[in-house]
Amino acid sequence: MRTLSDSAVGERPAAAASLPVTVCKLTKRYGAFTALKDVDLAIRSGEFLTLLGPSGSGKTTLLMVLAGFVRPDAGSVAFGEREVVLLPPHKRDIGMVFQNYALFPHMSVAGNLAYPLKLRGHGKQDIADRVAQALALVQLEGYGERSVDQLSGGQRQRVALARAVIFEPRILLMDEPLSALDKNLRERMQLEIRRLHDRLGLTTVYVTHDQREALTMSDRIAVMNHGQILQVDRPRDLYDRPSTRFIAEFIGETHCIPIEIQNGEASLFGRALRLATPLATTASAQALVLRPERLQLLSADKPTHDLNTIDGTVRQHVFQGDSVVTFVSLPDGHDIAVRHPYGNDSEHLQPGTAVRVGIAPRDTIVVPAENATATASGRA
Amino acid sequence: MLQHPVSATGITRLHRLWLYAIASAVIFFLIAPTLLVIPMSFSSSRFLEFPPPSWSLRWYHAYFESVEWRDATVVSFEAAIGTMIVSTIVGTMAAYGINYSRFGAKRFVQIALALPMMIPVILTAVGVFIFFAPLGLNNSLTGLILAHSTLAIPLVLISVTAGLKSFNANQEMVARSLGASRIRAFMTVTLPQIRYSVISAALLAFITSLDEVVISLLIAGGDKATLTRRMFLALRDEIDPTIAAISSMLILLSIILMASSQLIRPNRT
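Sequences listed follow chains W and A, in order.
When we follow the numbering used here, the leftmost residue of the first sequence carries the number 5, and every step to the right adds one.
When we follow the numbering used here, the leftmost residue of the second sequence carries the number 37, and every step to the right adds one.
To be clear, the hints were calculated from the coordinates, so they are not data collected in a lab.
A quick note: this is a predicted structure, and the numbers were derived from the prediction, not measured.
Glycine included, every Cβ here is placed at the ideal spot set by N, Cα and C.
Among the hints, erroneous ones may be present.
Claimed, not checked - Just a few of them, taken from the derived set where beta-carbon distance is under 10 Å, the chain A residues facing chain W:
no. : residue
1   : 147
2   : 208
3   : 283
Claimed, not checked - Listed next, with one range per pair, are the computed distances between beta-carbon atoms:
no. : chain 1 : residue 1 : chain 2 : residue 2 : range
4   : W       : 28        : A       : 163       : 23 to 31 Å
5   : W       : 122       : A       : 135       : 21 to 29 Å
6   : W       : 109       : A       : 156       : 48 to 56 Å
What the hints assert, rightly or not - If the Cβ cut is set under 8 Å, some of the chain W residues that face chain A in the computed set are:
no. : residue
7   : 98
8   : 109
9   : 115
10  : 119
11  : 331
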């Protein structure tokens with residue numbers, strides 16, 4: 005059997021110990037509220053999959069169903085070949101990390117780590133060895149005898165992680181584990197958790213509402229809203245090819261503007277729009293996805309070569325340290341953001357100046373324009 | 037000293053004199069009647085009188101040499117220990133269930149369990165007597181424990197609910213994900229963290245039973261007479277300072293139990 009020490013050596017372990025997870029037609033209702041609606045999801049063995057969505061989208065309910073704390077009204081959950089939907093949590097062999105760490109304050113750090121091993125009847129010496137290995141795995145050597153109160157937020161998070169993997173579970177579940185940490189620590193822990201995952205090769209399901217966190221850590225992201233999975237894809241594909249306007253607006257700092265479709269040709273504020281790929285449909289309601297870092301700010305009289313352009317006026321510059329965001333008012337009254345590096349001359353354009361916003365054909369993304377309500381919930 | 041300011045606003049102890057006076061009066065009226073029995077218990081007089089004419093331990097001797105008093109004491113302690121066990125277990129389970137269940141009617145369960153605290157004890161006692169009669173539970177230790185538990189369970193419920201409020205329920209879920217069954221997770225993770233509330237609750241239940249007299253008067257007859265019942269009857273029949281001696285010891289015991297239930301709690305900020 006694989007042990008932590010084997011995997012700690014560095015080579016990626018065989019994925020034999022971790023399992024694929026297959027979710028089929030899962031439905032869960034709370035009274036009139038449908039938390040999960042016919043959810044299908046296939047998680048590969050050893051994969052880091054993130055459930056991403058606004059609050060109330062069903063992502064935590066889905067995680068709780070995987071953990072066994074919530075019993076679905078219908079559907080099936082299989083770990084490998086085994087159906088687990090009726091199995092209580094303690095028989096599922098899952099490691100779990102919660103938002104507020106949930107370390108046991110009446111036990112030392114070592115006591116916390118030994119807890120799952122004691123439940124499994126490991127011997128004293130074996131427990132001591134494994135606890136030492138687990139502490140080394142999360143760079144907390146020598147912290148075993150400390151009380152939980154003496155640890156910082158990041159250290160607590162590491163102990164919670166070590167406790168969740170020390171008994172070699174088949175699947176690791178994490179419910180917004182970093183949301184209580186400040187930004188810098190959070191970004192460090194994201195990389196640390198990802199490295200730990202790569203080392204152990206554990207099938208991992210991670211829940212977050214932070215799209216940047218999801219993009220940073222995941223092999224694949226499942227975007228959820230209203231109890232359904234809208235798209236499952238690799239981070240880059242999700243970013244470049246969102247399937248709906250909701251996803252486009254939820255991921256990245258996105259502004260969508262409606263485009264006109266006539267005779268199968270797209271145009272934007274009366275100008276023909278050159279696209280990277282032909283329109284998928286000729287439906288009339290479609291929108292162009294604008295991302296601040298893909299836009300260029302041009303003076304109104306400059307020739308535009310091969311760019312699509314929109315006319316507008318400068319409204320405001322916002323300094324953000326590494327970059328400056330310029331808000332440009334469009335003819336339809338909306339503002340769009342254009343991001344450019346700090347030090348760029350564009351910053352000296354006075355508010356009210358007429359400018360053009362350029363977007364290269366290869367950067368164009370067109371999505372169906374329905375679900376107008378998505379913007380409000382997507383920004384949560 | 038009275039002129040010395042006690043805060044930056046220049047308020048002196050003299051300004052606060054009225055506060056000290058009222059507080060002292062309240063404490064005096066609360067405690068004095070209780071403490072009065074202590075000097076009386078060391079009296080040499082044949083009657084309960086204050087102040088005692090001279091001092092002696094004769095009434096303590098009287099208590100320890102009387103078989104009847106000793107039997108009553110044994111019954112009282114058996115009932116108190118039984119009540120403590122029954123009401124702590126039932127009350128803790130009820131507090132846990134009410135705290136975590138999404139059961140819609142849990143408010144009503146909560147009120148139903150608290151009812152014995154609001155209904156006059158004499159009514160409970162009459163009800164218990166009538167209810168127990170056909171079951172043959174009157175004048176039995178089991179009956180006494182069950183009746184006292186109805187009074188103690190609300191207290192346990194309040195104490196343990198307060199403890200559970202400051203407990204993070206995710207911890208029990210973590211324990212279960214780590215391989216503990218629900219009951220095991222409760223015993224190894226939840227209970228150790230709410231132990232102070234549970235211990236306080238147990239001591240409260242113990243004292244509730246030990247001090248209870250009204251129910252005992254009705255249902256604890258014959259050889260199951262409790263200490264308080266016998267004291268009450270003795271007080272009616274003969275004014276005997278033995279009661280003062282017993283009272284003093286009960287007060288001491290209560291103080292010790294209450295103080296220890298406070299002292300075991302670490303000072304948490």
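Exercise for the section: Run the structure past the numbered hints and jot down the numbers of the failing ones, going up. Expected result: 1, 3, 4, 6, 9 and 11
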